[in-house]
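Asker: Listed below are the residues making up each chain.
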Amino acid sequence: MRFLPLAGQEHEAVQETAEGGHAEAFDLGEMLSHHILNAREYEFPGFVWHMPQMDPIHLGGMTIDFSLTKHTFLMLVAAVITLAIGLVVARTISRRHVTAAPSGFANAVEAMVVFFRDDVCKGNIGHGYERFAPFILTLFFFILTMNLLGLMPWGGTPTGNISVTAALAIITFFVVEISGFFKLGAAGYARTIFFVPPGTEGVWKLVMLLVMTPVEFLSKLTKPFALAIRLFANMTAGHMLIFSLLGLIFVFGNMAYTRWVVAGASFAMTTAIMMLELLVAFIQAYIFAMLSAVFIGLMQHEH
Amino acid sequence: MTANTWNGVAGTLALISASPLALAAQEDHGEGGGWDALFSVDVGLMIWTVLVFGVLLFILGRFAWRPMLTALDAREKGIQDAIDEANRQRDEAQRLMAEHQAQLADGRRQAQQLMADGREAAERLRKELEEKARAESATILDNARREIGRERDAAVETVRREAVDLALAAAARLVSERLDGERDRQLISGYIEELGRGGAEA
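Same order as they appear, the protein sequences are chains P and E.
As numbered in my numbering, residues 1 to 303 make up the first sequence, in order.
As numbered in my numbering, residues 1001 to 1202 make up the second sequence, in order.
By construction, these hints were calculated from the structure, which means they are not laboratory data.
Keep in mind that a hint or two might mislead.
Covered stretches of chain P, going by a simulated chain E footprint (3 or more residues, C-beta under 8 Å) [to be verified]:
id: 1; region: 29 to 37
id: 2; region: 76 to 86
id: 3; region: 108 to 114
id: 4; region: 166 to 175
id: 5; region: 185 to 191
id: 6; region: 199 to 207
Once the Cα atoms are required to be at most 30 Å apart in a straight line, the calculated DSSO-like pairs of lysine-lysine come out as [unchecked claim]:
id: 7; chain 1: P; residue 1: LYS223; chain 2: P; residue 2: LYS70
id: 8; chain 1: P; residue 1: LYS122; chain 2: P; residue 2: LYS223
id: 9; chain 1: P; residue 1: LYS122; chain 2: P; residue 2: LYS205
id: 10; chain 1: P; residue 1: LYS183; chain 2: E; residue 2: LYS1077
id: 11; chain 1: P; residue 1: LYS122; chain 2: E; residue 2: LYS1077
id: 12; chain 1: P; residue 1: LYS220; chain 2: P; residue 2: LYS183
The C-beta atom is built at its ideal place from N, Cα and C for all residues, glycine as well.
All chains should be built: construct the whole structure from the sequences, respecting the hints.
Answerer: Listed below in structure tokens is the structure:
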């Protein structure tokens, strides 16, 4: 397998040859990796933005690169959009619609906020959910915006990057564990790791402790891991599917008549998958936020 | 595509079998990182994510979610209050309605009672008056009868006296003309005696 360079110019060259009828030069894999993977430049129609780079920081044997990348940039865009929507809607609701429901976009956001407050936070966390509602809401709207950015023309989805989803999952992990620690106390929290099932006697206590402790410990780590992988895999898979279907046009680009049939079918399929992806963008954001609430609730009600 | 796809599958399997921390160590992406860049962990991007999310959570939590949730709570409370108030007013209205109906019924009952009482009183009064009139007329009749009786007695007495006087006058004339014998005298006084006894009897 060949490591593909991510440089934009090279990709453009490949596309040009594909459009020029030399389909054997078109590499679908390269096209996919180019659109899905992170990059250090951002392609707009007509020009390529080479993002400003900085030298990686070496910190205790780890090399950390804070340079702006495509996904970092998109994440910042998503954050700005989320902020703008949140602040504008909050302003609309708290200034003008305290007594009556707002209409239009603010109402749509409000419906989601109410749903998350009542069904996700209150339903899963229960008593004391108010402290977690902002966290769950921020998770949902931030992830949703990032997911939807992937469906925009010239966009891309930061949630299709494992680093982003892993970081979000790690945040959830710490929120779950730290809030659990404060709620249960040191002894209560320790029991969520060193677990002895009630009703065991004598030597069986030790046996169960030895068996259950790794299980409990793993279950704590599996939850955020599953969160990260689920979101990442769903977003990546959807985009792979879309680009693969579009790529078929170029794969069949040198066939006289077939290419039109393929192009038509590809167009129809892509549109259908795009619709599905719109749904998936919402569903995955919802699942991430909802499962976070579930994990927080499980931890809060551990006895 | 197939080669790359299989590579992706292999990468997924590798990721599943490895812990995230181990992946952080083999961080290797950027120029020349093909499909394995898909699963490489970019610590810089992770820190970016945490920072951006932290800032977002702070600002949104403070200036978006809190006012939004507060406003929603206020609205819901307002709606609940309105419902409660409406229920309260409905109950109040029903209570007042029942009260008014009770009062109305009471009034009607009282009116009927009054009417019945009035009718009864009138009847009683009528009977009383009738009774009184009857008694009075009886008294008057009685008095009249007694008066008539007395008058008759007086008249009878007068007539008897007149009769005696007449008889005496007649007798005196008769006697003055031819009465002179002892026998006649006895006859007349016997007769008069008899009359006086009969008059006392009558």
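Asker: When you check the alpha-carbon spacing of LYS220(P) and LYS183(P), does it fall within 30 Å?
Answerer: holds, 17 Å
Asker: Is the straight-line distance between the alpha-carbon of LYS183(P) and that of LYS1077(E) 30 Å or less?
Answerer: holds, 29 Å
Asker: Can you confirm whether the C-alpha distance between LYS122(P) and LYS1077(E) stays at or below 30 Å?
Answerer: holds, 17 Å
Asker: Does the region 29 to 37 of chain P contain three or more residues whose Cβ lies closer than 8 Å to a Cβ of chain E?
Answerer: Since three or more residues must qualify, the claim that chain E covers the region 29 to 37 of chain P holds, with 5 doing so at under 8 Å.
Asker: Hey, LYS223(P) versus LYS70(P), does the alpha-carbon distance stay inside 30 Å?
Answerer: holds, 28 Å
Asker: Need the status of pair LYS122(P), LYS205(P): alpha-carbon distance at most 30 Å?
Answerer: violated, 36 Å
Asker: Counting residues of the region 185 to 191 of chain P that have a beta-carbon nearer than 8 Å to any beta-carbon of chain E, does the count reach 3?
Answerer: Since 0 is below three, the answer is violated.
Asker: Does the region 166 to 175 of chain P contain three or more residues whose Cβ lies closer than 8 Å to a Cβ of chain E?
Answerer: Holds: 5 residues of the region 166 to 175 of chain P have a Cβ under 8 Å from chain E.
Asker: Per the coverage rule (Cβ-Cβ under 8 Å, at least three residues), is the region 108 to 114 of chain P covered by chain E?
Answerer: Coverage by chain E holds for the region 108 to 114 of chain P (3 residues, Cβ < 8 Å).
Asker: Need the status of pair LYS122(P), LYS223(P): alpha-carbon distance at most 30 Å?
Answerer: holds, 21 Å
Asker: With a Cβ-Cβ cutoff of 8 Å, does the region 199 to 207 of chain P contain at least three residues near chain E?
Answerer: Violated: only 0 residues of the region 199 to 207 of chain P have a Cβ under 8 Å from chain E.
Asker: Go check the region 76 to 86 of chain P versus chain E for me, would you? Three or more residues, Cβ under 8 Å, otherwise it fails.
Answerer: holds (count 5)
Hint violations for this structure: numbers 5, 6, 9, all remaining hints satisfied.
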